[in-house]
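Trainee: Heads up: the protein sequence lines correspond to chains H, L and B, in order.
For the first sequence, position 30 matches number 30 in the working numbering, and the numbering has no gaps at all.
For the second sequence, position 106 matches number 106 in the working numbering, and the numbering has no gaps at all.
For the third sequence, position 86 matches number 86 in the working numbering, and the numbering has no gaps at all.
Derived by calculation from the structure, the hints in this document are not laboratory data.
Keep in mind that the hints are not guaranteed to be accurate.
Repeated chains share a single entry, so a pair holds when one copy, or any two copies, can fit it.
[Claimed, not checked] Each computed PhoX-like pair below joins lysine-lysine, with the alpha-carbon atoms no more than 25 Å apart:
id, residue 1, residue 2
1, Lys40, Lys66
2, Lys119, Lys40
3, Lys62, Lys119
4, Lys40, Lys92
5, Lys92, Lys62
6, Lys3, Lys51
7, Lys66, Lys51
8, Lys3, Lys40
9, Lys62, Lys40
10, Lys51, Lys34
11, Lys40, Lys51
12, Lys93, Lys119
13, Lys93, Lys3
14, Lys92, Lys3
15, Lys62, Lys93
16, Lys119, Lys3
17, Lys34, Lys119
18, Lys62, Lys51
19, Lys93, Lys34
As a plain string of letters, each chain reads:
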Amino acid sequence: MPKIRVTKRFHFEMAHALYQYDGVCRNIHGHSYKLEVTLKGEPLNRPGHPKDGMVMDFGELKNMVKENVVSRFDHVMMVNRLVPEEQVAMLKKISERIFVVDFQPTTENIATFIAEILKQQLPEEIELFSIRLYETATSFAEWFAADNAE
Amino acid sequence: MPKIRVTKRFHFEMAHALYQYDGVCRNIHGHSYKLEVTLKGEPLNRPGHPKDGMVMDFGELKNMVKENVVSRFDHVMMVNRLVPEEQVAMLKKISERIFVVDFQPTTENIATFIAEILKQQLPEEIELFSIRLYETATSFAEWFAADNAE
Amino acid sequence: MPKIRVTKRFHFEMAHALYQYDGVCRNIHGHSYKLEVTLKGEPLNRPGHPKDGMVMDFGELKNMVKENVVSRFDHVMMVNRLVPEEQVAMLKKISERIFVVDFQPTTENIATFIAEILKQQLPEEIELFSIRLYETATSFAEWFAADNAE
Numbered sequence: 001m002p003k004i005r006v007t008k009r010f011h012f013e014m015a016h017a018l019y020q021y022d023g024v025c026r027n028i029h030g031h032s033y034k035l036e037v038t039l040k041g042e043p044l045n046r047p048g049h050p051k052d053g054m055v056m057d058f059g060e061l062k063n064m065v066k067e068n069v070v071s072r073f074d075h076v077m078m079v080n081r082l083v084p085e086e087q088v089a090m091l092k093k094i095s096e097r098i099f100v101v102d103f104q105p106t107t108e109n110i111a112t113f114i115a116e117i118l119k120q121q122l123p124e125e126i127e128l129f130s131i132r133l134y135e136t137a138t139s140f141a142e143w144f145a146a147d148n149a150e
Numbered sequence: 001m002p003k004i005r006v007t008k009r010f011h012f013e014m015a016h017a018l019y020q021y022d023g024v025c026r027n028i029h030g031h032s033y034k035l036e037v038t039l040k041g042e043p044l045n046r047p048g049h050p051k052d053g054m055v056m057d058f059g060e061l062k063n064m065v066k067e068n069v070v071s072r073f074d075h076v077m078m079v080n081r082l083v084p085e086e087q088v089a090m091l092k093k094i095s096e097r098i099f100v101v102d103f104q105p106t107t108e109n110i111a112t113f114i115a116e117i118l119k120q121q122l123p124e125e126i127e128l129f130s131i132r133l134y135e136t137a138t139s140f141a142e143w144f145a146a147d148n149a150e
Numbered sequence: 001m002p003k004i005r006v007t008k009r010f011h012f013e014m015a016h017a018l019y020q021y022d023g024v025c026r027n028i029h030g031h032s033y034k035l036e037v038t039l040k041g042e043p044l045n046r047p048g049h050p051k052d053g054m055v056m057d058f059g060e061l062k063n064m065v066k067e068n069v070v071s072r073f074d075h076v077m078m079v080n081r082l083v084p085e086e087q088v089a090m091l092k093k094i095s096e097r098i099f100v101v102d103f104q105p106t107t108e109n110i111a112t113f114i115a116e117i118l119k120q121q122l123p124e125e126i127e128l129f130s131i132r133l134y135e136t137a138t139s140f141a142e143w144f145a146a147d148n149a150e
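Kindly produce the complete structure, drawing on both the sequences and the hints.
Mentor: Next comes the structure, spelled out in C-alpha cells:
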C-alpha cells in the first residue's frame with residue numbers, strides 16, 4: 001500500500017513578546033499565525049468502509065488540531081516564564097487569556113511545542129510528519145519528525 | 001552537476017462522492033482541485049542547446065500533465081466502481097463525463113493514481129519526485145516517490 | 001535540542017532571455033521572481049539571550065539575502081555569457097543593469113547560483129537547507145542541499 005502525507009491548514013491570532021530581544025519584537029505585538037499539520041500513513045484499504053482511502057479523515061484531523069492547538073492558542077498572549085511575576089500579574093488584569101510557557105515564544109519554539117502536543121494525540125500507525133508555522137506571510141518555521149528522531 | 005526539482009501547478013474542477021462515507025461527503029459534490037507535479041533531475045549542461053539548463057522544459061511538463069491528467073479529470077465526476085451499476089447508468093444519463101475508478105476517490109487515492117499515470121510518461125533520467133493534490137484551499141495530500149520505493 | 005527549518009520569502013523583478021531556446025523565451029522578457037530561502041539548525045537555547053529560541057533571527061536572514069541576492073538581482077537583465085559581445089554592448093547602452101552570468105539563466109540554474117552565493121554567507125552551525133525559486137505563479141525550481149551533497 002502507498003504511504004501518503006496529508007496536510008490541513010489552520011490559523012490563529014496570537015500576541016507575544018520576545019523577552020529581552022534586541023529589537024522591536026520585545027514589545028507585545030501579534031501575528032496572524034498560519035499552521036500546517038502534516039501526517040503520514042497508509043490510506044485505509046477497506047472497500048466499502050466509511051474511511052476507505054483515507055490516512056485520517058480530514059474532518060478528524062481538523063477537530064484534533066482545533067481542540068488541542070487552535071482553541072488553546074487563538075486570541076491568547078503567549079508569555080515567556082522568565083517575564084517577572086508582577087508583569088504577568090498586571091497582564092492578567094488586562095487580558096483573560098495569558099498563556100505562560102517554559103520557552104521563548106519564537107516561531108521555532110512554538111512549532112516544536114505544537115509538535116509535542118500533537119504527537120500524543122495520534123494513533124500509532126499515523127506519524128506526525130511535520131509542522132509548518134507561519135508567523136507572517138513571508139516567514140515560517142518547520143519541525144520535521146525526520147530531523148528530530150530520538 | 002546539481003540535482004534540481006522542478007514543479008508546475010495545475011488545476012481542474014471535478015465532482016466526486018465518497019461511497020458509504022459517514023458524513024456529507026457521501027453526497028455528490030465538487031472541488032477546485034489544485035495539483036503540483038514535481039520532477040527531479042539534472043539540468044541539461046549543453047551550452048547553446050535549446051534546452052540547456054533545464055531538467056525538463058516547463059512547457060513540455062505542462063503539456064504532459066495537461067494531456068495525461070488535466071484533460072481527463074477536468075469537469076468529470078469520479079465514481080467508485082463499488083457504486084451500484086444502476087446508479088452509474090443513471091449518472092451517465094445526466095452527465096457525459098463519468099470516470100469510474102477502481103478506488104475510493106479520496107484525495108490520497110487520487111494523488112496516488114496521478115503518480116501512477118505520470119511515472120509512465122517520463123524518460124528514465126527524470127524522476128517523478130512528488131505529487132501534491134489540494135482538495136480545498138486548506139487540505140491536501142502528497143505522494144512522494146521516496147515514501148513508496150519498491 | 002530540536003532541529004528546525006526556517007524560511008523567509010523574497011521577490012525581485014528580473015529580465016532574462018534563454019539563449020538559443022526553441023520558443024518565445026529566447027526573447028527578452030521578465031518575471032516577478034519569488035524566492036524562498038530555508039535554513040536548518042538548532043534554535044539557540046540560552047534563556048534571557050536576545051536571540052534565544054532562534055535558528056537565525058528572521059531580521060538577519062532578511063538582511064543577508066537582501067544584500068547578497070535581492071539587491072544584486074532586482075531590476076537587472078540576466079544575460080548568458082554566450083550571447084555575442086556586440087549584443088551585450090548594445091544592451092548596456094539601453095540598460096544600466098546587465099548581469100552577465102556563466103550559465104543559461106533558467107530557473108534551475110539561477111536557483112543553484114543563489115545557493116552557491118548564500119552557502120558562503122552562513123556560519124558553520126547553520127545549514128542552507130534549500131532554495132525555492134518561482135519564475136511564475138505556477139512554475140518553480142528547487143535546490144536542496146540533500147540532493148547535492150559532495
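Trainee: Does each hint fit the structure? Answer for all of them.
Mentor: For each hint, the structure was consulted:
1. Lys40 x Lys66: within (19 Å within a copy, 28 Å between copies)
2. Lys119 x Lys40: This pair counts as both: shortest intra-copy Cα distance 12 Å, inter-copy 21 Å.
3. Lys62 x Lys119: within (15 Å within a copy, 32 Å between copies)
4. Lys40 x Lys92: neither (40 Å within a copy, 36 Å between copies)
5. Lys92 x Lys62: For Lys92 and Lys62, neither the intra-copy (30 Å) nor the inter-copy (34 Å) Cα distance is at most 25 Å.
6. Lys3 x Lys51: within (16 Å within a copy, 34 Å between copies)
7. Lys66 x Lys51: Answer is within: at 20 Å inside a copy they meet the 25 Å cutoff, but 30 Å across does not.
8. Lys3 x Lys40: Classified as both; 7 Å inside a copy, 19 Å across copies.
9. Lys62 x Lys40: Within one copy only: 15 Å inside a chain, 28 Å across chains, cut-off 25 Å.
10. Lys51 x Lys34: between (27 Å within a copy, 23 Å between copies)
11. Lys40 x Lys51: Cα proximity of Lys40 and Lys51: one copy only (16 Å, versus 33 Å across).
12. Lys93 x Lys119: Answer is neither: 34 Å inside a copy and 48 Å across each miss the 25 Å cutoff.
13. Lys93 x Lys3: Classified as neither: same-chain Cα gap 50 Å, cross-chain 37 Å, threshold 25 Å.
14. Lys92 x Lys3: Intra 46 Å, inter 33 Å, cutoff 25 Å: neither.
15. Lys62 x Lys93: neither (33 Å within a copy, 37 Å between copies)
16. Lys119 x Lys3: Both. Shortest intra-copy (18 Å) and inter-copy (16 Å) distances satisfy the 25 Å Cα cut-off.
17. Lys34 x Lys119: Classified as within: same-chain Cα gap 19 Å, cross-chain 28 Å, threshold 25 Å.
18. Lys62 x Lys51: Within one copy only: 15 Å inside, 33 Å across.
19. Lys93 x Lys34: neither (28 Å within a copy, 44 Å between copies)
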